[in-house]
Amino acid sequence: MQTPIATTRSATGIPTGRLAIWWVVASEIVIFGGLLLSYVMHRIGHPEWAIAQAHTHTFVGAFNTFVLLTASFTAVKGHEAAEKGDGKKAAKFLYLTMGGACLFILVKSLEWTSEILEGYTIQANGFWAFYYTAAGLHALHVIAGAIVIFFVARDAAKGRNLQRVEYVGIYWHFVDIIWIFLFPLLYIAK
Amino acid sequence: MAQASAATVHAHEHGSHEHKELHGVLKYLWSTDHKVIAMQYLFTGMFMAMVGGFLAYVFRMQLAFPGKSVPLFGYVSPGRYNALITAHGSIMIFWVAMPVLIAAFGNFLIPLMIGADDMVFPRLNRLSYQVFLLSVIVILSSLFVKGGGFGGAWTAYPPLSANAKYNLTPLGSSMWLMAVALEFVAFLLGGINFITTLMNARAPGMKAYDIPMLPWMVVLASIMFMLSVGPLIAGAIMLFFDQNLGTGFYDPARGGDPILWQHLFWFFGHPEVYVVLLPAVGIVLEVIATFARKKLFGYKTLLYTAAATAVLSFFVWAHHQFIAGIDPRMANIFTVTTLIISIPIAEMCFVIIATLYGGNIRLSTPMLWALAFMGEFLIGGVTGIFLGASGADIYLHETYFVLAHFHYTFFPIAIIGTFAGFTYWFPKMFGKMLNDTLGKIHFWGTIIPFNFIFIPLFILGLEGQQRRIYDFQNFPELQHLQPIRILATISLVVMLLFQFVFFFNVIRTWIKGPKAPKNPWHSNTLEWTVESPPPHGNWPPDQMPKVYRGPYEYNHPDREDDYWPQNIPPEREPTPSPAR
Amino acid sequence: MLHGLIPEASSFAGNIDWLIFLVLVLVGFWFIVAEGVFFWLIFRFRSRPGHKGQYLTGHEKHVERWIKIPHALVLICDVIIIIGAVHVWYIVKMHLPPADYTVRVTGQQWDWVFQQPGADGKLDTKDDIYTTDSLHVEVNKTYHFLLESRDVIHDFSVPVFRLKQDAVPGRTITGWFRPTETGTFDIQCAKLCGIGHGVMVGSMVVETPAQHAAWVAKNTPTSAQ
Ligand code: HEA
Ligand code: HEA
Ligand code: CUA
Ligand SMILES: [Cu+2]
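Chains as they are written, first to last, in my numbering: chain S, 1 to 190; chain B, 191 to 770; chain A, 771 to 995.
Chain S on its own, in the form it takes in the complex (with noise of 0.2 Å):
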């Protein structure tokens, strides 16, 4: 398949991958905004579940959030060196990003885990559904991140689709943000 000319354009100005790219977050952000306006609705409702929301661990909620901010200042770099041309440099940094993606999915399992095991599942309480449903959420959008910022990275690497790195950048920050949201409201509110 050919590129066509109309994807060529650019009558606003702006590269159409990274308009493309705004959009997709703003369809996300009403999906996040629906979920977590619902949560802190039921949640105000629910002054009881402070007691099931003192069994989250926070520290592991922490150590995470320091794990997506490093992989969106990576992915920032990465994106500095894309600017410059260096594609061999820009997937480094990429490739610390997805490490950063994989590693929170580890530590995100093994805290699962636990919590299942001492009983808390999702269908525990209202508490434990929000969590495990806007948490799980957002974990399968860091997976889906990690996964495209592999073959951007690879590609960035071949010195191909430089202008990929920021659109995958942009989606990491956004991934970013939510859990910014999510963290307090989950862990922290109690």
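Read the hints as simulated data drawn from the structure, not as lab findings.
Please note that a few of the clues may not be correct.
Between beta-carbon pairs, the in silico distance windows are [what the hints assert, rightly or not]:
no.	chain 1	residue 1	chain 2	residue 2	range
1	B	D517	S	H57	36 to 46 Å
2	B	Q689	A	L866	45 to 55 Å
3	S	G33	A	Q981	38 to 48 Å
4	B	Q663	S	E118	53 to 63 Å
5	B	V683	A	H865	45 to 55 Å
6	B	F694	A	K822	49 to 59 Å
7	B	I523	A	D894	47 to 57 Å
8	B	P666	A	I861	22 to 32 Å
Heads up, the beta-carbon is just placed ideally off N, CA and C, and yes, glycines get one too.
Go by the hints and put chains B and A with the ligands onto chain S.
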């Protein structure tokens, strides 16, 4: 290539692939050409319209002749009745109105009307259709699984929808939910494509106010869809977990709240009705401008009213929940917003009507459909005001008055609007001219019975007859209304029979209709400057069009012809034209 | 306005019908004007040989007012309708006149269960009367109802009263009505609630004070006395 794709399209339609080897079919299924994808959406939507119409036939027969075996179907049990109406409502909205109005017309026309050779992300476009096709397969097969199709209405209120103990359709309800979710994904993918294409891929010279109305409307609709569907996707995940993982998001006994779903659903559900309204209005505007030979009466006014409708539509959702047990003070707020939204829509209607003023109106088939849209939609619109007035809705809620209200909006949009667009762009899509006489027979054979189906339903509603009841013999106060129900059903059968005229016309034209010229209606917009049907890539790469003026310059005083295509360079130094 | 179609049997039925009539007049007017102009324009500007269309942008002062003025007038109509709607809504749903009796109405798949006071006139005492599918009330008395549901969402709807209210599991919703005509009327369940939704019918029996007293006396559980 274009000829070949038209042929495969046809083969696809009739399910007979004998004269095409697998290779051709595969190529067709995997094409990334926006026109092929448009055809895929169009024919899938057409097929689903026939399914939806058939379902309507089955349950209307049951309502008119309760307990009798329905020809071509059989007995309608209460459980089946619920499944039938649920499938009818969901299919007509999600698998007919959306794919045809947004995906089919949007895909076919956006690149052509803005002078591009394709969408900006052709492979994303193909993926969108493939996900959509999957959703079609899931929703159709959900009707045949053990336990039967989901019967909790298209609004799927929990706890009924959340628990198999209550709805008795463990598989059907999850599959319904999955099909709807897949459909949402398909339209999110498609929407991103439409929006970015319109933003970035316009022909040189085409400024924002030179874009024809249809691309504007489809893109506005896509934005609305994207911003309203998110919370419902979150809600659908929660509902899915309630159904299958035993969570209690909507179960009050376990700290959940059934009303939450209603908010999430209608926050999407109300914008959704304008999501399908706007593209239909776009079609109607193109047709009316062309056949009235008139510049639109206030291009910017139309854009602003459409945008105002889009924004306001996010603030009216709870008018579906006046009686649902929400805080009664909230009802007052939503009454105000609901009535305010009538203002941009009224203005939009007035502008469409005023466009006729000073025109030179030719009543060809597409124009008849477009005018009928206007005439009929007004009925649907003004009856919405009765429902929006909270005090009156206490009585009218869930009655056939609501039903008649929204069929008077949806039918003009999804059926009349579609036919307007289909007959108008048929020459461009298939390169043949439809027969006008047959078209007019089909028009009158559809419009007249339409009113005889749904005007009686208003009366039934005012008498207190409510929706989603499989047999009214159990209600002493409603028994004497049977003749009205029979009238509505007979009108439906008549209308369905007249659809054969339409199919006959299309097939006959396809076989031996006269060839269509490039620009049969002497229209201004860019899609009429390519061959009919347009080849792959639309224009030769070195002759991509440039745009010099707005799309609706009919009967311009500086010009001899009564039309002035957008791509024709000005003959002399442009005179400072009057304000657009 | 609707009493030709269906009786008005509660104190607020007249208010609701009046509101429907008000809306009918206002939007009916606009509907007729809009359709009238529409068909007139189609006829007046039909294509004729030698006839040429005009070039108007819609922003000329002398034509723009044909949009601007109706726009303002529709706004005024909207305000009138809003005032009417809020007024009626207030009467029916936002205020509770003092009750003569209180009853509890419970929806379940697929019938109505009514609990009403026995001879002592008080709810939730030992002599309460439980009935399914028919509610006996006294004419011209103000009733409060406590609406509940055991399983899914139902909707307590009495068309002749113009009364409708969802019954939501987990909540108790309080409302009121005051019957003004005797007779037996339909109670519907107006929210789809499963396969039995179409048979979830009840009857509202509005009785004279004497009839009602006799009914209560007859049905009050003897064990409680
Ligand atoms: C595309 C479809 C579509 C459209 C365009 C509309 C448009 C409107 N709808 Fe409708 N509606 C539905 C589809 C649609 N609706 C559906 C599907 C349902 C039921 C869902 C279900 O329960 O299954 C529904 C239900 C519904 C309800 C809930 C009823 C109930 O369940 O109790 C309400 C209540 O406010 C409502 C109001 C309105 C209003 C105010 C408009 C307005 O947008 C109309 C504005 C237009 C005009 C007003 C006409 C033009 C103006 C004039 C001619 C000027 C004169 C006007 C005035 C003086 C005000 N609709
Ligand atoms: C777009 C929306 C749409 C459309 C077009 C229709 C069309 C029709 N509807 Fe439907 N209906 C709904 C949306 C729609 N409906 C919804 C949302 C519900 C609520 C469901 C619920 O309660 O959950 C409903 C419910 C509903 C009920 C209520 C059931 C009940 O509550 O008990 C009834 C009853 O009469 C009914 C009747 C009809 C009839 C007779 C038609 C006829 O007009 C149908 C005639 C069909 C055709 C004439 C098809 C012709 C088209 C073609 C031949 C193809 C052309 C295609 C191309 C050119 C691409 N509908
Ligand atoms: Cu209970 Cu419908
Ligand atoms: Cu609405």
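Hint by hint, work out which the structure violates, then give me just those numbers in ascending order. Violated hints: 3, 6 and 7; rest satisfied.
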